[in-house]
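> In mature numbering (1 follows the signal peptide of the UniProt record, and there is no 0), the protein residues as written are -19 to -1, 1 to 226.
The set of hints was computed from the structure by calculation and includes no laboratory data. Each hint should be verified, as a subset may be incorrect.
[To be verified] Restraint ranges, calculated between C-beta atoms of paired labels, are given here:
no.	residue 1	residue 2	range
1	Trp115	Asp48	16 to 26 angstroms
2	Thr39	Ile70	34 to 44 angstroms
3	Asp51	Ile74	31 to 41 angstroms
4	Cys(-15)	Asp54	41 to 51 angstroms
5	Ile(-12)	Gly23	43 to 53 angstroms
The beta carbon of each residue, even a glycine, is placed where N, CA and C say it ideally should be.
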Amino acid sequence: MRSPCIVIFGLILSPCGWVLDLTSMMVPHWRTVHNITGEDPGMVLYQGIWHTCSYYGTLSSISCDSDDEDYFDHRIIETAKRMMVVSLIMTAIGLAVATFGVRCWSPRPRWTGVCLGGFVIVCSGLLAIMPVAWYAHVLKDISSPSTEMHLGVCIFLGYLGGIMEVLGGFVLFVAIWLYSHKGLEPDPSTLEETQWRPWRISILKVVSTFNKTGVLESSLEGLWDYELICSCQSFDCLVTSVWKF
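Given only the sequences and the hints, what does the whole structure look like? Please build it.
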């Protein structure tokens, strides 16, 4: 059975959101801090939920660590770690369930599996959006060596990834109402494509004769002609005609 376009859209959108959320979680770019007192004016501090990196523009060097206890002790950091990890795991599980439910290799998909996978992906997308939104809300409440702070790129990646997962899971979730009644019988066009074409076996003989002018002429005469039709649906074969002509 051909998968509906809305299902394909959901199966493409959800993994894209998963990749964006993974990037958002791993890259230390949730917050950028500038003009740190006592440091090089060109220094920029990039902070994430796993580690922080200091970039020195004048030296074109960067160093990363996770020793900033004041920053990592804030409750949003530990909560964001757990929620992002759970979100990624749930998305992977939801995609596996939805992919098995679609079953492009069989005539009838399991719409319950598609619906369940979509629901799990929607929940995982919401789990990814919540810590990102919370971090952005308490941005200035988290310990910082400077008052000049800006949202990092990973905040926007987390938002985008979570929204893509919610949309992808939602279209999979609602597909059961749109297409479940159409999946009870295989698509006739699919059956026509998978039908084996008839096999015909002919036994011929060559007949040579001289015409009135003495020129040798040859012709083919059929002795037996067998037509074999096989259906890949039932794997039954039937000889439909045997004749002599």
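> Quick check: which numbered hints come out false for this structure?
Of the numbered hints given earlier, the structure breaks none, since each of them holds.
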